[in-house]
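Protein chains: 2
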Amino acid sequence: METSTIVKSDLEIARESVIKPIVDVAAGIGLSPDDLELYGKYKAKISFDTLEKLKTKTEGKVILVTAISPTPAGEGKSTVTVGLADALNRVGKKTMVAMREPSLGPTMGIKGGATGGGYAQVLPMEDINLHFTGDLHAITTANNALAALIDNHLQQGNELRIDQRRIVWKRALDMNDRALRKVVIGLGGPVQGVPREDGFDITVASEIMAVLCLASDLQDLKKRLSRMVIAYNTDRQPVTVEDLGVEGALALLLRDAAKPNLVQTIEHTPALIHGGPFANIAHGCNSVIATRAASKLADFVVTEAGFGADLGAEKFLNIKTRAAGIAPAAVVIVATIRALKMHGGVPKKELAAENISALKKGFANLKKHTETIEQFGLPYVVAINRFIHDTEEETKTLLEMCKSESIPAAVTEVWEKGGEGGAELAGQVLKAIDDKKANFAPLYDLSDSIEEKIASIAFKVYGATTVDFSTKAKKQLAEFEHHGWGVLPVCMAKTQYSLSDDPQKLGRPEGFTITVRELKPSIGAGFIVALTGDVMTMPGLPKQPAALKMDIDEQGNASGLF
Amino acid sequence: METSTIVKSDLEIARESVIKPIVDVAAGIGLSPDDLELYGKYKAKISFDTLEKLKTKTEGKVILVTAISPTPAGEGKSTVTVGLADALNRVGKKTMVAMREPSLGPTMGIKGGATGGGYAQVLPMEDINLHFTGDLHAITTANNALAALIDNHLQQGNELRIDQRRIVWKRALDMNDRALRKVVIGLGGPVQGVPREDGFDITVASEIMAVLCLASDLQDLKKRLSRMVIAYNTDRQPVTVEDLGVEGALALLLRDAAKPNLVQTIEHTPALIHGGPFANIAHGCNSVIATRAASKLADFVVTEAGFGADLGAEKFLNIKTRAAGIAPAAVVIVATIRALKMHGGVPKKELAAENISALKKGFANLKKHTETIEQFGLPYVVAINRFIHDTEEETKTLLEMCKSESIPAAVTEVWEKGGEGGAELAGQVLKAIDDKKANFAPLYDLSDSIEEKIASIAFKVYGATTVDFSTKAKKQLAEFEHHGWGVLPVCMAKTQYSLSDDPQKLGRPEGFTITVRELKPSIGAGFIVALTGDVMTMPGLPKQPAALKMDIDEQGNASGLF
Numbered sequence: 015m016e017t018s019t020i021v022k023s024d025l026e027i028a029r030e031s032v033i034k035p036i037v038d039v040a041a042g043i044g045l046s047p048d049d050l051e052l053y054g055k056y057k058a059k060i061s062f063d064t065l066e067k068l069k070t071k072t073e074g075k076v077i078l079v080t081a082i083s084p085t086p087a088g089e090g091k092s093t094v095t096v097g098l099a100d101a102l103n104r105v106g107k108k109t110m111v112a113m114r115e116p117s118l119g120p121t122m123g124i125k126g127g128a129t130g131g132g133y134a135q136v137l138p139m140e141d142i143n144l145h146f147t148g149d150l151h152a153i154t155t156a157n158n159a160l161a162a163l164i165d166n167h168l169q170q171g172n173e174l175r176i177d178q179r180r181i182v183w184k185r186a187l188d189m190n191d192r193a194l195r196k197v198v199i200g201l202g203g204p205v206q207g208v209p210r211e212d213g214f215d216i217t218v219a220s221e222i223m224a225v226l227c228l229a230s231d232l233q234d235l236k237k238r239l240s241r242m243v244i245a246y247n248t249d250r251q252p253v254t255v256e257d258l259g260v261e262g263a264l265a266l267l268l269r270d271a272a273k274p275n276l277v278q279t280i281e282h283t284p285a286l287i288h289g290g291p292f293a294n295i296a297h298g299c300n301s302v303i304a305t306r307a308a309s310k311l312a313d314f315v316v317t318e319a320g321f322g323a324d325l326g327a328e329k330f331l332n333i334k335t336r337a338a339g340i341a342p343a344a345v346v347i348v349a350t351i352r353a354l355k356m357h358g359g360v361p362k363k364e365l366a367a368e369n370i371s372a373l374k375k376g377f378a379n380l381k382k383h384t385e386t387i388e389q390f391g392l393p394y395v396v397a398i399n400r401f402i403h404d405t406e407e408e409t410k411t412l413l414e415m416c417k418s419e420s421i422p423a424a425v426t427e428v429w430e431k432g433g434e435g436g437a438e439l440a441g442q443v444l445k446a447i448d449d450k451k452a453n454f455a456p457l458y459d460l461s462d463s464i465e466e467k468i469a470s471i472a473f474k475v476y477g478a479t480t481v482d483f484s485t486k487a488k489k490q491l492a493e494f495e496h497h498g499w500g501v502l503p504v505c506m507a508k509t510q511y512s513l514s515d516d517p518q519k520l521g522r523p524e525g526f527t528i529t530v531r532e533l534k535p536s537i538g539a540g541f542i543v544a545l546t547g548d549v550m551t552m553p554g555l556p557k558q559p560a561a562l563k564m565d566i567d568e569q570g571n572a573s574g575l576f
Numbered sequence: 015m016e017t018s019t020i021v022k023s024d025l026e027i028a029r030e031s032v033i034k035p036i037v038d039v040a041a042g043i044g045l046s047p048d049d050l051e052l053y054g055k056y057k058a059k060i061s062f063d064t065l066e067k068l069k070t071k072t073e074g075k076v077i078l079v080t081a082i083s084p085t086p087a088g089e090g091k092s093t094v095t096v097g098l099a100d101a102l103n104r105v106g107k108k109t110m111v112a113m114r115e116p117s118l119g120p121t122m123g124i125k126g127g128a129t130g131g132g133y134a135q136v137l138p139m140e141d142i143n144l145h146f147t148g149d150l151h152a153i154t155t156a157n158n159a160l161a162a163l164i165d166n167h168l169q170q171g172n173e174l175r176i177d178q179r180r181i182v183w184k185r186a187l188d189m190n191d192r193a194l195r196k197v198v199i200g201l202g203g204p205v206q207g208v209p210r211e212d213g214f215d216i217t218v219a220s221e222i223m224a225v226l227c228l229a230s231d232l233q234d235l236k237k238r239l240s241r242m243v244i245a246y247n248t249d250r251q252p253v254t255v256e257d258l259g260v261e262g263a264l265a266l267l268l269r270d271a272a273k274p275n276l277v278q279t280i281e282h283t284p285a286l287i288h289g290g291p292f293a294n295i296a297h298g299c300n301s302v303i304a305t306r307a308a309s310k311l312a313d314f315v316v317t318e319a320g321f322g323a324d325l326g327a328e329k330f331l332n333i334k335t336r337a338a339g340i341a342p343a344a345v346v347i348v349a350t351i352r353a354l355k356m357h358g359g360v361p362k363k364e365l366a367a368e369n370i371s372a373l374k375k376g377f378a379n380l381k382k383h384t385e386t387i388e389q390f391g392l393p394y395v396v397a398i399n400r401f402i403h404d405t406e407e408e409t410k411t412l413l414e415m416c417k418s419e420s421i422p423a424a425v426t427e428v429w430e431k432g433g434e435g436g437a438e439l440a441g442q443v444l445k446a447i448d449d450k451k452a453n454f455a456p457l458y459d460l461s462d463s464i465e466e467k468i469a470s471i472a473f474k475v476y477g478a479t480t481v482d483f484s485t486k487a488k489k490q491l492a493e494f495e496h497h498g499w500g501v502l503p504v505c506m507a508k509t510q511y512s513l514s515d516d517p518q519k520l521g522r523p524e525g526f527t528i529t530v531r532e533l534k535p536s537i538g539a540g541f542i543v544a545l546t547g548d549v550m551t552m553p554g555l556p557k558q559p560a561a562l563k564m565d566i567d568e569q570g571n572a573s574g575l576f
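So the sequence lines, in the order shown, correspond to chains P and B.
Going by this note's numbering, the first residue of the first sequence is number 15, and it counts up by one from there.
Going by this note's numbering, the first residue of the second sequence is number 15, and it counts up by one from there.
Excised from the complex, chain P in its bound form:
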């Protein structure tokens, strides 16, 4: 979000907001204190007993918030998600937010939160952006317990005949730490372990995060954990967590992390913030457990998925809907004039200046994403998320272009005004739902081959004309089908900056080829990752990390945190 010297920081706005005890927020959705496990006064987990009881209730409608191909700064998808939910509550619709929880790594590195912004934020923002209720720490711990158990298995005789060159399970930290991307471990002689190459991913890229987010309950979680492939043995056969016999221990470590976290927006809309898998190596959606619970507790759930509609929304619609047994009632596509101008060819430094012709050119990117959502049989509304530098003329032009293409669109000012700034969007979304035009179906059948699934996405969602598979990927296609993994959906790993696999190709590229470099089995999560281009699973810190400005005062209040 753009700021100027007179604009308050998100942290200042958050601290000046009135926050209600979470038991009061819970009471508004029919939950008693017995349904909650409190984490301080303003955060709570919902107990398994309560989740079980909710199963018999009828489901509310799910609204998915996605975006155009984003700029590096993001287009305010979380902010619109929060603002839309607040706006719906303002018009008397019982609404909840279901969002991803932030990773600490980026928090220490680059200014920018994952809890919305301005007056469309989730509270308590300090806690949520720091350790929150410890979910990510539990995932880190389970991930690394498994890694330690694998290396201990090698050290203690290697009964499973694991090929130490083919261990695919990596270690993880919730940190931006480039020096851990490629490491050699087990050095120092025979009592210090078996030397081998290894690497660390950021925790949100761990398959365990994806497993937690796609599991329907604790037993399903355990089953998914047991199926995770950790290595190949000397016969090139997959070795799983079940072979190692530690799925019970891992599930135990994740017991509390599997319960969704209840917090509130600045306007006291109840919000479940739970799970946050990477949107490249994984599917980029909050947990199935939380989305389902929210849909039982409210009449409307506003949720979001990572990056643009070609990535997060595609995965929400092809992967998460199947695991969760839910279908959205409508989709919101967030667009900013800034980003559309960038898609129209304006360099980053000149985005503040008015540029109608670039805006008109960049519109093609938005148009493609609306077509994608139409292919899934879903109604949508474009949310034009207003930024400070947007001119009247630009806004008018964009609205006119949408109108001429019969694209429903609403300007939102939720950063500045909270729910009030999302009133028009809320009205249009409700109208789209009332029109009952939703006729949702995933883009491909699970019985299609892996190759066919990838082609469906590349052609229909990205607009590619051909798909190439590397020699390695071709070999893997055959192997994966042989292992019985061909029935799983596909999770594409692709740059978020372009509809193609080349981040330089902005706007709406045409006539391009998608190259699948490698496949990766995420059998516990229940999908096959198809890697196109380089995928970053452990970010680095910038030259001036955000950590340098962070501090606490004597009462423990944070500063420098956004």
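To be clear, the hints were calculated from the coordinates, so they are not data collected in a lab.
Keep in mind that a hint or two might mislead.
In this list, chains with the same sequence are indistinguishable; a pair is considered to hold if it fits within one copy or across any two.
To be verified - Taking lysine-lysine pairs in the DSS-like style, the calculated list, with each CA pair at most 27 Å apart, reads:
{"#": "1", "residue 1": "K237", "residue 2": "K563"}
{"#": "2", "residue 1": "K237", "residue 2": "K557"}
{"#": "3", "residue 1": "K362", "residue 2": "K563"}
{"#": "4", "residue 1": "K55", "residue 2": "K34"}
Guided by the hints, dock chain B onto chain P, whose structure is given.
The following block gives chain B in isolation, referenced to the frame of chain P:
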């Protein structure tokens, strides 16, 4: 703790116990719900505001529980700590427990908890032994954020001229993971960081754990963090966290971890479980913040320190008392007949059989520890912690030997009977306090040189006749005095199994030499570590890790956890 087939597991006993809401336990020590930050119904952190208010209250008496030189299984020090506190409450003395919190690494590896045992346990044991309130995760995160910031500093131009061969800050995980002891990081070319040797410690061995445990409040915590030495520059001068400018960020990450955790024993005695530094590389005591808070909230505080009186108690009395401004009123020395027979030369497999002559011989170890406590000017009582295989004759013999040496002793049966089994011990401890014979003083002055401090401990506590310093250690003595670190107390790193630095020398060895191999500055913690022999700062997993037996049922109940 010994078990037979008819004895219930600690987990079974814990689960069958009636646990009170923590707000009710808090009410008993004058704390209202507003003083607490709840973590579920049975755990709470005490807020900084409340800790501030407590400062003006008068202090209760602190009872330190220590032990003879232990066997690998431990002598039940935590169990006696809990049982004694329960026993004191039974006779109407308002008493609290202040203990260390467990590390997950050993939990996944070797059966055996850190929350007491049998009917002298702290609840909820499952939670405390798993993630508890996330303190250790926060410490791991702060430790690794610092490591990532150091490597990022190298990557971004190395303005501080850090000598990459002399980075002393290691990474940490709360895991037993031997393969991470010695690693090479930063591989993969220029964008992946600067290649260098590194290693991981278990989180409880991180200096940040010691810092958290010795800090008096949040501002002191930040000051201590800023003083931590992370590396030496190319001029061989120390580089600190303050030089890097990230003490505020680290303190922010530790904000909640710095608040003590309130739980309860099976008999509802309030217990603060907070901090758990290694007793070798660090001082092995729970936090100063918790011990102080407990002493303000109750008339008696029962606390413990790691390993035998030569290690944990020595460090409590020479290091923690100075940081905390407290002096214990009495000491309990836990002894078991099993361990004394081992000190008398009985091999591990034969410890179950009666052996009076070995018991008599091994008594020398206990005698030495009583003399150590006398040198600190403190009254003490020996707690003979009864085990199933102890014979009547052995118990009688040990009591008679204590009597003939004027050593006050009481048999405790707290594992089997809870507080009732600690009645006699409680009576004798109260008598020792009432006699007002305590005349506490640390063993050395801070103005003594590092060499003199080490000699004081080696001669007076261990019974050594000479202290040798390696060439490296001699050079470090001069360097450390030059850096102004000579005024700090010394934290000895020595095997817990012997009074000497050779784990094979059981009983009461005499005429031996202590060899100081190396010194390590823990300037944030505020002590100089003197390493004798090999010190393990990252444990490994056994051939059959405890993780293999862990599981959860559909309601999320744990099994296989002790």
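Should K237 paired with K563 be assigned to within, between, both, or neither, using CA atoms and 27 Å as the limit? between (43 Å within a copy, 16 Å between copies)
Can you give me the call for K237 and K557, within, between, both or neither, at a CA distance of at most 27 Å? Between. Shortest inter-copy distance 25 Å satisfies the 27 Å Cα cut-off; intra-copy 42 Å does not.
State whether the alpha carbon distance between K362 and K563 is at most 27 Å within one copy, between copies, both, or neither. within (25 Å within a copy, 56 Å between copies)
If the cut is 27 Å between Cα atoms, do K55 and K34 qualify within a copy, between copies, both or neither? Both ways: K55 and K34 sit 9 Å apart in one copy and 19 Å across, limit 27 Å.
In this structure, none of the earlier numbered hints is contradicted; all agree with it.
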